[in-house]
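Asks: What follows is the residue order along each chain.
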Amino acid sequence: MIIECKHVWDYISEYIDNSLPPETRELVQRHLDHCEICSAILDSTRNILVLTADDSVFELPVGFSDRLHARLDEEIHGTGRKSEKDPV
Amino acid sequence: MHPDVANRDEAEMIAAILDGNTEKYHDLIRPYELSVYRMALSFMKNEADAEEVAQEAFLKAFRNLASFRGNAKFSTWLISIALNEARGRLRHQNLIRTDSLDETREGIGHISPALLRDWREVPSEALERREIREMLKEAIQSLPPIYREVVLLRDVEELSVDETAATIKISPAAVRVRLHRARLMLQKDLAPKLKSTNPKRRWFR
Numbered sequence: 000m001i002i003e004c005k006h007v008w009d010y011i012s013e014y015i016d017n018s019l020p021p022e023t024r025e026l027v028q029r030h031l032d033h034c035e036i037c038s039a040i041l042d043s044t045r046n047i048l049v050l051t052a053d054d055s056v057f058e059l060p061v062g063f064s065d066r067l068h069a070r071l072d073e074e075i076h077g078t079g080r081k082s083e084k085d086p087v
Numbered sequence: 000m001h002p003d004v005a006n007r008d009e010a011e012m013i014a015a016i017l018d019g020n021t022e023k024y025h026d027l028i029r030p031y032e033l034s035v036y037r038m039a040l041s042f043m044k045n046e047a048d049a050e051e052v053a054q055e056a057f058l059k060a061f062r063n064l065a066s067f068r069g070n071a072k073f074s075t076w077l078i079s080i081a082l083n084e085a086r087g088r089l090r091h092q093n094l095i096r097t098d099s100l101d102e103t104r105e106g107i108g109h110i111s112p113a114l115l116r117d118w119r120e121v122p123s124e125a126l127e128r129r130e131i132r133e134m135l136k137e138a139i140q141s142l143p144p145i146y147r148e149v150v151l152l153r154d155v156e157e158l159s160v161d162e163t164a165a166t167i168k169i170s171p172a173a174v175r176v177r178l179h180r181a182r183l184m185l186q187k188d189l190a191p192k193l194k195s196t197n198p199k200r201r202w203f204r
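So the sequence lines, in the order shown, correspond to chains A and B.
Sequence positions in the first sequence follow numbering that gives the first Met the number 0 and run 0 to 87.
Sequence positions in the second sequence follow numbering that gives the first Met the number 0 and run 0 to 204.
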C-alpha cells in the first residue's frame, strides 16, 4: 500500500513521538524513504522543536530570582498571612 | 530541566517544609524558576506581568503545599498552578476567548506544513543570535492558547503525553491532536523564516 504526502503529514507528530502502531510507522517510513518533501517537513519540524525547547529562548529577567526569593522570604517569615489559604 | 533535580529527594524536602523547616522552600523551587516564568511569559506576553504571575504561582504553591499529592511530580504541580494563574489573569483582563470557545474551533481546518525540498539543520548555536530567539519566542506566543500550552508542556518542559493531559485536564487523545496541530503550525511559521536566516545556505544551489 502506498500513502500520499497529505496523509503522511497527519502522522508526523506521532512519528516524532515514536507512538505510531508498527504497521503505520512502516508505511510512513517507506514513503519518507523516497519523498524528499515529506522528509524535509519531518526534519524541519524536529529541528524546530529542538530549538524551541532550548533554555535560551525564554530567559529570566535580570534580578528575577532575587525579587522572587525576597518576596518568598516575606511570606515564609510571616506577614500575618499564615491562616490565609488561596484556592489552587 | 535542571541537571541537579534528578539527585534530590523532593518528597523529603516537602515533608521538612511542612514540618516547619520553611526555609527549604527556597531550594525546593530554585530549579523551576525558568519553567514557571516561561509558562507565564508565553501567556502574559510582557515581562512585568509574567513575573507577577510567576511570583504569585510560587506563593500559592507555598501556601498550598500541604495539598500537594506525591502522585504527580512537584514540577508538574507547580507548572499547573502557574498555568491556572496565567489563565485566570487573562480571563480577568479579557484578553483571550474562553476555553470553551477555543474548543469549538478545534475540529475546523486542516493544517498544512510549509513545503520544502530540503532542510539544512539549524544548529543550536544559531540561538546565540537574538533575532532567532525572538523569532522562536514569537512563534510560540502567537499560537492559539490551547495549542501553546500543549507545546510548552510537552515539547519545552518535556512532560509525557499523559502528564500533559493531567496538567490541563484533557484526554491524552486530545493532547495528541492538539500537539500535532501545534507542531505543524510552528513548522509552517518557522521553517521558511529559519531557512532564509540559515547562514549555511549555499548560494549556488
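No lab work stands behind these hints, which were simulated from the structure alone.
On a predicted model such as this, the values are computed, not experimentally measured, just so you know.
Wrong hints could be hidden among the right ones.
What the hints assert, rightly or not - The calculated lysine to any residue pairs, modelled on SDA-like cross-linking and capped at a C-alpha distance of 20 Å, are:
1. B:K136 with A:V49
2. B:K59 with A:V56
3. B:K194 with B:K72
4. B:K187 with A:E35
5. B:K72 with B:D8
6. B:K194 with A:R70
7. B:K23 with B:D48
8. B:K23 with A:D54
9. B:K23 with A:L31
10. B:K23 with A:V56
11. A:K5 with B:K23
12. A:K5 with B:D117
13. B:K44 with A:V56
14. B:K136 with B:E46
15. B:K44 with B:K194
16. B:K187 with A:D72
17. B:K44 with A:E58
18. B:K72 with B:D117
19. B:K194 with A:A69
20. B:K194 with B:P144
Asks: Holds or violated: K23 of chain B with D48 of chain B, Cα cutoff 20 Å?
Replies: 27 Å, violated
Asks: Compare the distance between the alpha carbons of K59 of chain B and V56 of chain A with 20 Å, and conclude whether the hinted pair is satisfied.
Replies: 26 Å, violated
Asks: Is the straight-line distance between the alpha-carbon of K72 of chain B and that of D117 of chain B 20 Å or less?
Replies: 40 Å, violated
Asks: Please work out if K187 of chain B and E35 of chain A have their alpha carbons no farther apart than 20 Å.
Replies: 17 Å, holds
Asks: Please work out if K194 of chain B and A69 of chain A have their alpha carbons no farther apart than 20 Å.
Replies: 44 Å, violated
Asks: For the pair we were handed, K194 of chain B and R70 of chain A, check the Cα-Cα distance against 20 Å.
Replies: At roughly 44 Å apart (the allowed maximum being 20 Å), R70 of chain A and K194 of chain B break the hint.
Asks: Would the hint linking K194 of chain B and K72 of chain B be met if the CA-CA limit is 20 Å?
Replies: Distance of about 38 Å is beyond 20 Å: violated.
Asks: Does D117 of chain B sit within 20 Å of K5 of chain A, going by the straight-line distance between their CA atoms?
Replies: Roughly 17 Å separates the two Cα atoms, so the pair holds.
Asks: Would you check the hint for K194 of chain B and P144 of chain B, treating anything up to 20 Å between C-alpha atoms as holding?
Replies: Status violated; Cα separation ~26 Å.
Asks: Sort out whether D72 of chain A lies within 20 Å of K187 of chain B, counting only the CA atoms.
Replies: Not satisfied, since the Cα-Cα distance of roughly 45 Å exceeds 20 Å.
Asks: For a C-alpha distance cap of 20 Å, please report whether K23 of chain B and L31 of chain A respect it.
Replies: Measuring from Cα to Cα gives roughly 51 Å; hence the hint is violated.
Asks: Between K23 of chain B and D54 of chain A, does the CA-CA distance stay at or below 20 Å?
Replies: Not OK: K23 of chain B and D54 of chain A at ~25 Å, beyond 20 Å, violated.
Taken one by one, the earlier hints fail for this structure at numbers 2, 3, 6, 7, 8, 9, 10, 11, 15, 16, 18, 19 and 20, listed in ascending order.
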